[in-house]
Structures are given as structure tokens and as C-alpha cells.
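Number of protein chains: 2
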Amino acid sequence: MSKKIVLALAALAVSASALTAHAQQTLKPEQAIKYRQSAYSYIKWNMDRIKANVEGANYNKSEVIQAANAISAIANSGMGALYTPGSDKDAGGVKTYVKPEFFTKQQEAARLAQNFIKEATELAKVAASGNAAAVKSQYGKLGGTCKACHDDFKVRN
Amino acid sequence: MSKKIVLALAALAVSASALTAHAQQTLKPEQAIKYRQSAYSYIKWNMDRIKANVEGANYNKSEVIQAANAISAIANSGMGALYTPGSDKDAGGVKTYVKPEFFTKQQEAARLAQNFIKEATELAKVAASGNAAAVKSQYGKLGGTCKACHDDFKVRN
Numbered sequence: 020m021s022k023k024i025v026l027a028l029a030a031l032a033v034s035a036s037a038l039t040a041h042a043q044q045t046l047k048p049e050q051a052i053k054y055r056q057s058a059y060s061y062i063k064w065n066m067d068r069i070k071a072n073v074e075g076a077n078y079n080k081s082e083v084i085q086a087a088n089a090i091s092a093i094a095n096s097g098m099g100a101l102y103t104p105g106s107d108k109d110a111g112g113v114k115t116y117v118k119p120e121f122f123t124k125q126q127e128a129a130r131l132a133q134n135f136i137k138e139a140t141e142l143a144k145v146a147a148s149g150n151a152a153a154v155k156s157q158y159g160k161l162g163g164t165c166k167a168c169h170d171d172f173k174v175r176n
Numbered sequence: 020m021s022k023k024i025v026l027a028l029a030a031l032a033v034s035a036s037a038l039t040a041h042a043q044q045t046l047k048p049e050q051a052i053k054y055r056q057s058a059y060s061y062i063k064w065n066m067d068r069i070k071a072n073v074e075g076a077n078y079n080k081s082e083v084i085q086a087a088n089a090i091s092a093i094a095n096s097g098m099g100a101l102y103t104p105g106s107d108k109d110a111g112g113v114k115t116y117v118k119p120e121f122f123t124k125q126q127e128a129a130r131l132a133q134n135f136i137k138e139a140t141e142l143a144k145v146a147a148s149g150n151a152a153a154v155k156s157q158y159g160k161l162g163g164t165c166k167a168c169h170d171d172f173k174v175r176n
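Protein sequence lines correspond, in order, to chains A and B.
In terms of this note's numbering, the first sequence is numbered consecutively and its last residue is 176.
In terms of this note's numbering, the second sequence is numbered consecutively and its last residue is 176.
Hints listed in this document are in silico derivations from the structure and should not be mistaken for laboratory results.
Keep in mind it's a predicted model, so treat the numbers as computed, not measured.
No false leads were slipped in.
Since copy identity is lost for identical chains, a pair holds within one copy or between any two.
The calculated DSBU-like cross-link candidates involving lysine-lysine, where the alpha carbons are at most 30 angstroms apart (straight line), are:
#1 Lys70 with Lys137
#2 Lys124 with Lys160
#3 Lys137 with Lys63
#4 Lys70 with Lys47
#5 Lys155 with Lys47
#6 Lys137 with Lys114
#7 Lys80 with Lys63
#8 Lys173 with Lys114
#9 Lys114 with Lys160
Model the full assembly from the supplied sequences, consistent with the hints where possible.
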């Protein structure tokens, strides 16, 4: 490829990412914090529903599928876009529970996020099988990825 | 079927629904309100992302799929379980924006909820096609189902 074309492509890539950055900048830090907290909150409810099913006397396959699909789709929705510049600290009266290190130790944060996405995706697959024991095991694995990130990057509240 | 068996089955059904009711009662009204608000909040972010894609100069197929899948999975997650007794009014310092009529006009509420679920499910299908014009149209249809419910059952805030 000619040097000219390479430079032109590079310029295009930069302007495309500038556009993306612009789109994300329209989200105020407090909005980004609220939206990501919404995601985790809804995941919590659905984790609790699955827990009740795998630990209780009754296993409702349909409820577990609904819950696991919601968790997986949220995990795979590109939540990383909600960790915008300025949202590393409380903003607009909204408190964040993420430690500032989450924004600086990006490789470690990305690794934990990828583990979370992987196990959430797997949970949705296992839920579809209706095998309660397998769901219980996979629920535990997913919970482990939540805890790993909380241990490193969540302020205790 | 003998009358005895019918009665036994009926008793079983009652105790099963009592168990479900019990499981749901462990959710405090303020928790139910927070969880459902989380769902709507996360849906809002994802609706906004799709809007930016269908109205902007650039269409990011992958982002639209992620957003539409999240909306669809949340819509299909059985959110109705979050409209628990006692959560029809502010509880534990958490304000709800649902009108009490949502709990009494159950047929109308169910109809609107079903429309929402139907169009959200369809949006995820259309998003997978990558056809921006079709996504724009389906986004509009889904937005219509949000508005229909807000008009009837949401307190203006």
C-alpha cells in the first residue's frame, strides 16, 4: 500500500474515533455513572433470581433463562463506553463507587471485564439447557468475576 | 380426571404460587422500585445510542446490535415481577413514577407491556440485519410503545 493511502486511512481512522469520542462526550459524567449503575443494579436483581432458583426447592427454567439472557445482553452491550472521562469521581451530585485505579490500570480492568463478559455469555448458554446443577456452577463462576472486580476496583459501600 | 386428583392438583398449584409469592415478598417495595427504574434507565441509554446511530452520519452496526439486544433482553426478562404489592407508591425513601392506575387497570397495563416486549424483540431482529433505515423505523415503533405507557401510567417528572 502506498504511503499516501496509509496516511489517508490513518487520518480517516482518527476522525472516526474523534466522532465517537464526540458522541460520548455528549453524555455528562453523572449520566454515565447513573447508566452504568443501572446496569449493575439490574444485573444484581437477575443474579439474585438465579440464585433463588439454584438454591431453592423449585427450579423455574423459564425464569432462569430470562434472567441469564438479561445479564448476558447487558454484559455484552458495550458498558465500557460508560466509563467516560470525568466519571472517575463523583459528579453532579451522583456518587460513584468505582476506584480511580479502574481508569489508570486499564489492562487489568479490561481483563476483568472480559472475564465477566465471557462467563455471563456462558451462563445464558447453560441456562438454555435447563440443567440446574450446571447453572449453579456457572452462576458461581460468573459471581467470581463480579467479586474479582469488586475486590480490586469497587469502593466498599 | 377424578375430583380428588383435580383438588390435589389445585392445591399444588396454590402452594406453588404461594411459594412464588413468598419469593417475591422477600423483595422490599423500595428494592422493586429501584430495580425496575434501573431497567428503564439502561433501556434509555441504549435507545439514545440507537437514535444517535440512525440519525447521525455514521451507522455502527455492531453498537446498534449490542444496544438492541440489551433492550430486548431486559424487555423479555419478566419485569412484571417488579411491580410488587406496596411498590405502587413511594417506599423507603425511593420515589416511584408509576401511577397507581398501573396496578388497578391490569388489562390495559398488560396490553401496553406486551406491545413493548413485541417491538423490542423485533428491534433486536432488525438490528441484526444492519439495515439502518429498517432500524430507524423499528426504533420509532418501539419508542411509540414507551410513549403509550408513559402517557397513561407515568407521573410527569
